[in-house]
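Produce the complete structure using the sequences and hints provided.
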Amino acid sequence: MSLLDEVKNELAAIADESSLAKQAQISTMLRFGGGIQRVKGVPVVASQFTSKTAAQWLQNALRTVWQYDAKLQPGSTTLPNGSIIEFFTVFVQSNGRNLALQSGLLDQRGHENPGISPVHMQGNIAQVKSAWRGAFLAKGRLSDPGKSSFMEIVCPSAEAVNDLILAARRLGITVKPRRVNSSVRVVLHDPDVIERMLILMGAERTAREWSGKRVEGESRGKANRLANFDDANMRRSAKAAVEASQKVRKAFEILGDNIPENLRAAGQLRLDHGDASLEELGRLANPPITKDAIAGRIRRLLQLATKVEKQRAAEAEKD
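Under the numbering used here, the residue at position 119 of the sequence shown is numbered 119, and the numbers go up by one with no gaps.
Hints are computed from structural coordinates only; laboratory data are not their basis.
Ideal Cβ positions, reconstructed from N, Cα and C, are used throughout, including at glycine.
Accuracy of the hints is not assured; some may be wrong.
Stated by the list, open to error - Straight-line Cα separation of at most 27 Å, BS3-like style, residue types lysine-lysine; simulated pairs:
no., residue 1, residue 2
1, Lys310, Lys247
2, Lys291, Lys247
3, Lys307, Lys250
4, Lys40, Lys71
5, Lys307, Lys239
6, Lys250, Lys239
7, Lys291, Lys239
8, Lys307, Lys291
9, Lys250, Lys310
10, Lys291, Lys250
11, Lys250, Lys318
12, Lys247, Lys307
13, Lys52, Lys71
14, Lys307, Lys318
Stated by the list, open to error - Okay, the calculated beta carbon distance ranges per label pair:
no., residue 1, residue 2, range
15, Val187, His273, 53 to 59 Å
16, Asn95, Gly75, 21 to 27 Å
17, Asp144, Glu253, 56 to 62 Å
Structure below.
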């Protein structure tokens, strides 16, 4: 079971909400899950979910809160890549128009309301939380721990986006609108804000689990990055040591016996310990010196060899 399924299961198990809060959740789930359809001219309220527990919650709530004979119908669809997606449709055919009016899908003039019912948008904080819970149960997504953090809800309209933004603001949370191809949605990216929203909706247990796994994943990712960084540094150091040894060997060939003893000793240490770091070469020197000192001596050795090589080339041109 994915963590998203666990979140939705926890939200669907909440049972101690007030009647108004349950009505807000019902109304928002109906709007975000589908809304009104017309079958042979008859209004049918139907909403589709990928979470079976969410669909079962809505079916039971429609029966107990508003006494509608709600049906639940399972189905599936096959994607182009061959994977199968299961879905669950909750629908009310008898008295569909009355339900649409009662839930705010239609206003009193019979016009469809594309957003969240104003009754719940202007209601108490419990209703606002329930509205967000219903929207998330219907079309919410949550990133897996250890990946780039996000929570988003795909919305049925731009009006629904604005309503969710305003509802979140009443809860003290800022969310952003986002358009992906033809769909509109609201999204949160800050991990702490996501955890807070999960708790406000009622998913306290899975919020802590998501946060804990996220931190664990970030720590593991940081450790991997550091390990990779160390490996890269080691490879660069080894490559630099090989190149330095080649340069020292050429310097010895150019200078022959005309090398100051301290520079010769430093160069010989480089040749004798090709894989050693400068710090290690400094400790091997007699007497021991700092890595800056050993690096300086090797640098002066190479500079001297370059100078002598240029002088010889200039003299050869004169001859």
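Now for the hints, and whether the structure bears them out:
Of the pairs offered as hints, the one joining lysine 310 and lysine 247 holds, with about 15 Å between alpha carbons and a cut-off of 27 Å not exceeded. The hinted pair formed by lysine 291 and lysine 247 meets the criterion: a straight-line CA distance of about 18 Å does not exceed 27 Å. The suggested pairing of lysine 307 with lysine 250 holds, with an alpha-carbon distance near 13 Å, which does not exceed 27 Å. Between lysine 40 and lysine 71 the alpha-carbon distance is near 19 Å, which keeps this suggested pair within the 27 Å criterion.
For the suggested pair lysine 307 and lysine 239, the alpha carbons sit about 25 Å apart, so the restraint of at most 27 Å is met. A distance of roughly 17 Å separates the Cα atoms of lysine 250 and lysine 239; the hinted pair therefore holds under the 27 Å criterion. For the given pair, lysine 291 sits about 18 Å from lysine 239 by alpha-carbon distance, which is consistent with the 27 Å threshold. The suggested pairing of lysine 307 with lysine 291 holds, with an alpha-carbon distance near 24 Å, which does not exceed 27 Å.
For the given pair, lysine 250 sits about 14 Å from lysine 310 by alpha-carbon distance, which is consistent with the 27 Å threshold. About 22 Å separates the Cα atoms of lysine 291 and lysine 250, which keeps this hinted pair within 27 Å; it holds. For the suggested pair lysine 250 and lysine 318, the alpha carbons sit about 24 Å apart, so the restraint of at most 27 Å is met. Distance hint between lysine 247 and lysine 307 is fulfilled; the C-alpha atoms sit about 14 Å from each other, no more than 27 Å.
Simply put, lysine 52 and lysine 71 have alpha-carbon atoms about 13 Å apart, close enough for the 27 Å limit, and the pair holds. Straight-line distance between C-alpha atoms of lysine 307 and lysine 318 comes to about 17 Å, which keeps the hinted pair within the 27 Å bound. Distance hint for valine 187 and histidine 273: a CB-CB separation of about 56 Å, consistent with the stated range 53 to 59 Å. For the hinted restraint 21 to 27 Å between asparagine 95 and glycine 75, the CB-CB distance of approximately 24 Å keeps it satisfied.
Roughly 60 Å separates the CB atoms of aspartate 144 and glutamate 253, a value that falls within the hinted 56 to 62 Å.
No hint from the list above goes unmet by this structure.
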